[in-house]
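Chemist: Listed below are the residues making up each chain.
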Amino acid sequence: MKGRGTRILAHVFLVIVTLATIYPIVQIVGISLRPADRLYSTSLRVIPEDATGKAYHAVVFEKDFLLWLRNSTIVSAIVTLVGVALASTAGYVFSRFRFVARRFGLYSLLIAQMFPATMLLLPLYVLMKGLHLLDSMVGLAVAYVATALPFCVWTMKGYYDTIPKELEEAALIDGASYWRAFRTVVLPLAAPALAITAIFSFMSAWSEFMVARVIVSTRTLYTLPLGLESLSSTFQTEWANYAAGSVLVSLPVVLIFLFLNRYFVSGLTLGGVKQ
Amino acid sequence: MRASTEKKLFPYVLLLPTIIVMVTVVAYPLVYNFVLSFKNMSMYHYYDANFVGFRHYSSIFTERELYWVFGKTLIWTVANLFFHVALGVGIAMLLNGRIVGGGVFRSLLILPWAVPQYICALTWRGMFNHEYGAVNLILKNVLHLAPIPWFSDATWAFVAPIITNVWLGFPFMMIVALGGLQSIPHELYEAAELDGAGALGKFRNVTLPLLKPVLAPAVVLGTVWTFNNMNVIWLVTGGGLPADKTHILVTYIYKAAFTYYRYSYAAAFSVIVFFLLLGFTFAFMRYFKITEAVFE
Numbered sequence: 019m020k021g022r023g024t025r026i027l028a029h030v031f032l033v034i035v036t037l038a039t040i041y042p043i044v045q046i047v048g049i050s051l052r053p054a055d056r057l058y059s060t061s062l063r064v065i066p067e068d069a070t071g072k073a074y075h076a077v078v079f080e081k082d083f084l085l086w087l088r089n090s091t092i093v094s095a096i097v098t099l100v101g102v103a104l105a106s107t108a109g110y111v112f113s114r115f116r117f118v119a120r121r122f123g124l125y126s127l128l129i130a131q132m133f134p135a136t137m138l139l140l141p142l143y144v145l146m147k148g149l150h151l152l153d154s155m156v157g158l159a160v161a162y163v164a165t166a167l168p169f170c171v172w173t174m175k176g177y178y179d180t181i182p183k184e185l186e187e188a189a190l191i192d193g194a195s196y197w198r199a200f201r202t203v204v205l206p207l208a209a210p211a212l213a214i215t216a217i218f219s220f221m222s223a224w225s226e227f228m229v230a231r232v233i234v235s236t237r238t239l240y241t242l243p244l245g246l247e248s249l250s251s252t253f254q255t256e257w258a259n260y261a262a263g264s265v266l267v268s269l270p271v272v273l274i275f276l277f278l279n280r281y282f283v284s285g286l287t288l289g290g291v292k293q
Numbered sequence: 074m075r076a077s078t079e080k081k082l083f084p085y086v087l088l089l090p091t092i093i094v095m096v097t098v099v100a101y102p103l104v105y106n107f108v109l110s111f112k113n114m115s116m117y118h119y120y121d122a123n124f125v126g127f128r129h130y131s132s133i134f135t136e137r138e139l140y141w142v143f144g145k146t147l148i149w150t151v152a153n154l155f156f157h158v159a160l161g162v163g164i165a166m167l168l169n170g171r172i173v174g175g176g177v178f179r180s181l182l183i184l185p186w187a188v189p190q191y192i193c194a195l196t197w198r199g200m201f202n203h204e205y206g207a208v209n210l211i212l213k214n215v216l217h218l219a220p221i222p223w224f225s226d227a228t229w230a231f232v233a234p235i236i237t238n239v240w241l242g243f244p245f246m247m248i249v250a251l252g253g254l255q256s257i258p259h260e261l262y263e264a265a266e267l268d269g270a271g272a273l274g275k276f277r278n279v280t281l282p283l284l285k286p287v288l289a290p291a292v293v294l295g296t297v298w299t300f301n302n303m304n305v306i307w308l309v310t311g312g313g314l315p316a317d318k319t320h321i322l323v324t325y326i327y328k329a330a331f332t333y334y335r336y337s338y339a340a341a342f343s344v345i346v347f348f349l350l351l352g353f354t355f356a357f358m359r360y361f362k363i364t365e366a367v368f369e
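Those protein sequence lines, which keep their order, are chains A and B.
Under this note's numbering, the residues of the first sequence are numbered 19 to 293, in order.
Under this note's numbering, the residues of the second sequence are numbered 74 to 369, in order.
Keep in mind that a hint or two might mislead.
One side of the interface only, derived from the structure: several residues of chain B facing chain A at Cβ under 10 Å [stated by the list, open to error]:
hint	residue
1	85
2	90
3	170
4	172
5	185
6	191
7	235
8	237
9	244
10	251
11	261
12	264
13	297
14	327
15	359
In short, the hints are calculated from the structure, not lab data.
The C-beta atom is built at its ideal place from N, Cα and C for all residues, glycine as well.
Kindly generate the complete structure, drawing on both the sequences and the hints.
Modeler: Rendered as structure tokens:
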């Protein structure tokens with residue numbers, strides 16, 4: 019970008035794209051602030067003239083929102099912890115060690131993503147029933163860990179590939195065990211990839227709907243997506259409540275993204291760019 | 074001696090938990106599904122399903138339906154991936170240049186990725202509403218164009234989820250591309266400039282080849298995710314409206330299994346989809362020769 023003209027053009031283009039991108043999100047916020055009698059509006063105003071927080075109050079205090087929030091938090095926390103633990107270790111092995119079936123393992127993880135997830139639902143149901151994990155937080159967490167794991171392992175492996183081997187070799191020569199070399203030398207350097215893995219695991223649990231619907235049937239075990247869906251199934255009357263719930267559900271994830279997106283850029287080296 | 078046993082055991086100990094989870098939750102259902110596809114399990118034969126061999130496969134391949142749905146799936150996947158990559162790479166290149174407030178743009182542009190998918194899809198469905206939806210209101214009131222019958226016309230009803238999914242998916246490609254662009258040493262551009270390369274030459278000879286190893290796995294993953302993405306198209310079109318004309322393979326399978334309870338038929342269909350994707354991935358990886366760099 020040399021000329022002044024192209025630079026201005028680039029800025030104008032970015033502003034337009036950004037406005038178009040955030041418009042739908044602003045729209046949800048706008049709807050959540052509408053008073054109940056103006057749910058069908060042909061006005062293009064984003065924030066309605068008589069904005070009200072009634073829908074938020076209704077969702078939090080009159081619905082089971084807090085219960086859904088608790089369930090979702092428990093499941094997402096388990097999935098994040100277990101996902102990071104498994105992906106950071108498995109990814110390390112795939113990056114540093116040469117062993118039988120290594121290639122097979124990496125391919126299998128890729129292939130695991132290829133089966134239409136909807137068709138794993140029925141076998142998953144049968145499996146969870148056999149393991150007595152149906153209608154439980156643990157069953158849900160196990161399923162989510164498995165769906166997020168392939169991507170996370172690949173991300174971690176790609177990132178470890180960019181960390182020079184010499185670093186741990188030096189530690190090993192100094193008498194450190196393999197575990198110590200991994201834990202104290204490599205892992206801290208992989209912080210950006212760990213951030214991605216954590217967020218990806220968290221999100222796959224926080225916003226998943228289909229699997230939850232199959233595994234959980236007790237209303238007191240509903241996660242946020244199930245709860246919100248139960249609000250939206252009576253669309254006519256609860257559109258504002260649904261929007262308010264959506265805003266509340268999205269808020270934590272949006273905040274995490276805003277704070278951590280710097281790490282994303284350096285952490286998502288899927289192909290492992292070697293320096 | 075102790076060190077060498079440690080060296081041998083260490084990788085397996087670290088891998089074991091991952092293997093256990095993947096085998097129980099993914100491999101077992103996969104095998105189960107393969108077996109199911111050769112049975113006749115349906116609403117009528119739930120507990121007394123028998124093996125029927127290739128019956129479902131042969132009926133799927135002789136039906137016209139498969140080819141229609143497959144064609145739509147191809148359009149869906151190619152259109153989405155094209156816009157994801159074009160928008161993602163284009164915006165990333167702009168952001169990688171000297172932009173005032175680049176961090177702000179990046180943070181805002183990433184938002185569609187942050188908001189849960191089902192919420193986005195349902196919001197867009199509302200925005201495509203013929204009378205009250207923001208899209209038609211903007212067309213009518215701001216641009217003075219005729220409103221579009223989004224969900225009563227089969228073609229527009231298919232365009233709507235594509236727009237939604239393009240919006241949802243480009244931030245991921247943007248971030249991946251941005252990471253790749255930042256790892257390209259600046260000296261390479263200076264060298265190209267010394268050799269007299271213009272903007273296009275620099276893009277073709279420096280940016281593109283160095284972006285490829287980062288972008289290719291993202292494209293493979295993106296293709297698989299898009300191909301198998303049933304949330305967006307299902308929620309935006311309300312389960313295939315109008316009259317089941319907006320199905321892609323996965324939504325068609327879902328409808329067969331959970332609306333019509335043709336479990337084995339749906340299982341056979343998903344096995345076919347699985348092999349299609351498997352073939353695509355290997356062909357793609359071989360063509361772009363990305364496997365070697367990744368497996369090194």
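Chemist: Decide, hint by hint, whether the structure agrees.
Modeler: Outcome of the hint check:
Interface hint at residue 85 of chain B: satisfied, since its Cβ lies 8 Å from the closest Cβ of chain A, which is below the 10 Å cut-off. A distance limit of 10 Å between C-beta atoms decides the matter here; for residue 90 of chain B the minimum to chain A is near 5 Å, and the interface restraint holds. The closest approach between the C-beta of residue 170 of chain B and any C-beta of chain A is roughly 5 Å, which is under the 10 Å cut-off, so the hint is satisfied. Hint on residue 172 of chain B holds. Least Cβ distance to chain A is approximately 7 Å, under the 10 Å limit.
Given hint, residue 185 of chain B at the interface with chain A, holds; its Cβ is 6 Å from that chain's nearest Cβ, closer than 10 Å. Given hint, residue 191 of chain B at the interface with chain A, holds; its Cβ is 5 Å from that chain's nearest Cβ, closer than 10 Å. At its closest, the beta carbon of residue 235 of chain B sits 15 Å from a beta carbon of chain A; the interface hint therefore is violated under the 10 Å criterion. Nearest Cβ of chain A to the Cβ of residue 237 of chain B: about 9 Å, under the 10 Å cut. The hint holds.
A cut of 10 Å between beta carbons decides the hint on residue 244 of chain B: the least distance to chain A is about 8 Å, and the hint holds. Checking residue 251 of chain B against chain A by beta carbon gives a least distance of about 5 Å; that is within 10 Å, so the hint holds. Given the 10 Å rule on beta carbons, the hint for residue 261 of chain B is violated: about 13 Å separates it from the nearest Cβ of chain A. Taking 10 Å as the C-beta contact cut-off toward chain A, the hint placing residue 264 of chain B at the interface is violated, the least distance being around 17 Å.
Interface hint status for residue 297 of chain B: upheld, as the beta-carbon distance to the closest one in chain A is roughly 5 Å, under 10 Å. Checking residue 327 of chain B against chain A: minimum C-beta separation of about 5 Å stays under 10 Å; hint holds. Interface hint at residue 359 of chain B: violated, since its Cβ lies 13 Å from the closest Cβ of chain A, which is beyond the 10 Å cut-off.
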